[in-house]
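Trainee: Single-letter residue listing:
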Amino acid sequence: MCGIAGIARPDPGVVALEPLGRMAAAIRHRGPDGYGFYAGSHVGFAHTRLSIVDVAGGAQPLTNEDGQIVITFNGEVYNHPELRRELEARGHQFRTRSDTEVLVHGYEEWGAQMLQRLNGQFAFAIHDARNRTVFLARDRFGVRPLFYAQIDRNLYFASEVKALFASSEVPASVDPAALDEVFTFWAARPPRTGFAGIRCLEPGTYGIWQDGALRLHRYYQLNYPETPLESKDAVEQLDDLMRTGVGLRMRADVPVGAYLSGGLDSSITSSLAAAVTPHQLRTFSITFSDPRFDESEFQLAMAGEIGSVHAIASIGQNAIADSFRDIVWHAETPLLRTAPAPMFHLAKLTKASGIKVVLTGEGADELFLGYDLFKEVSVRRFCLRRPESALRQRLFDRLYPYLFDQGRGGEFWRRFFLDAGPLSDPLFSHLPRILLTSRIKDFYSPEFAAAVANNDPLGALRAELPEQFFGWSPLNQAAYLEMTLLLSPYLLSSQGDRMAMAHGVEGRFPFLDHRLFEYAAALPTGSRLRGLKEKEILRRWARRILPSRISGRGKQPYRAPDAPSFFAPNAPAYIADMLSSDAIQRVGIWSARAVAGLVRRCRSGQAISFRENQALLGVLSTQLWHHQFIQSAPSAQTLDLSAADMVIQEGVPAAV
Amino acid sequence: MYTKHESLIREKIRGYLDENFLYMMPNFVLDDDDRLLERGVVDSMGIVEMLTFIEDEFGVKAADDEISEANLGTLRAIVRFVASKQSIVPA
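Protein chains in written order, with our numbering: chain D, 1 to 656; chain H, 1 to 91.
Worth flagging that the hints you see were computed from the coordinates, not collected in a lab.
We treat Cβ as the ideally placed atom computed from N, Cα and C, and that holds for glycine.
Any given hint might turn out to be false.
Sample of chain D residues with no beta-carbon within 10 Å of chain H, all distances over it, derived [said to hold, decoys possible]:
id : residue
1  : GLN221
2  : GLU226
3  : ARG292
4  : GLY316
5  : ARG415
6  : ALA568
Computed cross-link-like contacts, SDA-like style, restricted to lysine to any residue with a CA-CA straight-line distance of at most 20 Å [as the list claims (entries may be wrong)]:
id : chain 1 : residue 1 : chain 2 : residue 2
7  : D       : LYS441    : H       : LEU22
8  : D       : LYS351    : D       : VAL254
9  : H       : LYS85     : H       : TYR2
10 : D       : LYS441    : H       : LYS12
11 : D       : LYS441    : H       : MET25
12 : H       : LYS12     : H       : GLU49
13 : D       : LYS441    : H       : GLY59
From the derived model, a few chain D residues whose C-beta atoms are all more than 12 Å from chain H [claimed, not checked]:
id : residue
14 : VAL14
15 : TYR219
16 : ASP419
17 : GLU612
Could you build the full structure based on these sequences and the hints that come with them?
Mentor: Dropping the structure here:
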């Protein structure tokens, strides 16, 4: 896992090392083990390295034999030994053991068609000097990030947006419509980012830049060819996919650890990892010192069961507030939840324990319909078929028992779900969440509200749904929306890649093996969500490898302390600064009057509602985001070029 | 029109709504017959918070089937509901 960056210019002239050095410095946290540069005619690349595969020989950027093809690569190609054998049989000669070199030769052999053969998580750029192109590609589900900007026909790309700004050639400004999407969906919808003119390469796509123009293509489309009946060997297939999926992700030249939350998904990945690792498995979890959110009992039970050496980071109330500024710096977007904070601290613990690669259970809820949202869709559909039935509506109370004691939400609570939108709306599944999230827009300043008045994020999304979407079952439509709206742009980013890479830790996701996705997407939905029992087939299979108290355990809602942590007596001073009326007015996105009311209620301990918690996080993170990226000049810090592992310059022999 | 007693209830509930919900909507003026949920003044979770306030403040208890639009949907409905509950003297 690493950081990548680069510049491509249509006009002749060697790309200078200076901007590349600054770009690399901005993402040094992603690759603390080394760095390197390529400065060629038209194109320059930077690379910061976290060495995992071929620790000795894997420095980047890397070229082919004649130097015509250069790559800068972030990620892993798990099936690289198999691809290498195939390429060697076709006459390709390898100089290193790295998966990076497999991409170079794979590109020579297959061009863009290579992407279909990769099993992995990746974002990379390949410069082909023969036709002066830059080939950018990103993995199927968007595990690894890749951002770009095009200015005056020049192309700038990087693993994180801050590296684009560090080039000093890409300006930072707000895209109001994208922020409006953040406050609708929790994240801007790819390819948008909160920054005007800066896009992300969408998951499952690649781009070819030539002569100043970037052309984008999709190589992978999510599909749900649901079958009516579960095949007789469905559980055996799942067994094979889970074991090989984990086995592939244990490939590394350094020990691979695992996150272990005590829930089903990470217990599965940890248990399978423990069975195949040549090392004693190290597992890690986070818990809160507040006993209401403490999960350590289950975490330790599972660690004992699989025999891992387990470490727990117990974080107190102040940890969230103390680290929130750094979290926004790494996430590069406003946030509506504090959930990235525990992931940030978990990665910190992992790194401090000497582990830089971990398996995690992310993706299982999307593939096997684990989230409450999927049950909610079923219940809402069920109720709307007979809206007059009060009995049917009581099901909502069963869905969220932790929110209300025995039906205290009453008619209003049920009506919230039932009135969220009609069955005929393609976004039906997500409308309650979208409505709840959008309540933060009440806090917009009049000026910002006017700037986004004509923005219609739901209309735009409806218009861009793929044609196949309308042929899928309602639960698969919901699963698709969850994968595209939340998994890649929020979970894998703000809670995943960014929090782990803040500490130079690489997450690996066995549930996001595309073979497993394709298997799950073809199952009858009843095999995944049976009645109100989520992840049914996964539980059925997991009984083979896990004790029943884990495999049968219902999903625990993830909860963390929110607003109160920012107003504790010893809360850091930046919070008051960011929320002051002056600061709010300077940024101009939020209403100073409404925020003053919110702060008053938070200080007095009254702001305990979901809506206010969300508003506080949205306002504070937007202020921090604006302060750190829009108002502040980008860092001029650079890396010492003489200490680079690798500098390849046009016309100059490679210095290693 | 409200009775004197109802007016006192109204002032307290109105104050509660201002303090807890309407501060988020600086440009909105609430009418007594505005539907709270529909106008976005409170959401369904807010209803539960409001109910807790009403029960604590006025010493009344709402049964599950009384948590309805008819009883809690507008400021006027809430005032009537609280007043009627208070008029029932427990046996």
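Trainee: Sort out which numbered hints this structure fails and list those numbers smallest first.
Mentor: 5, 10, 13, 16 and 17
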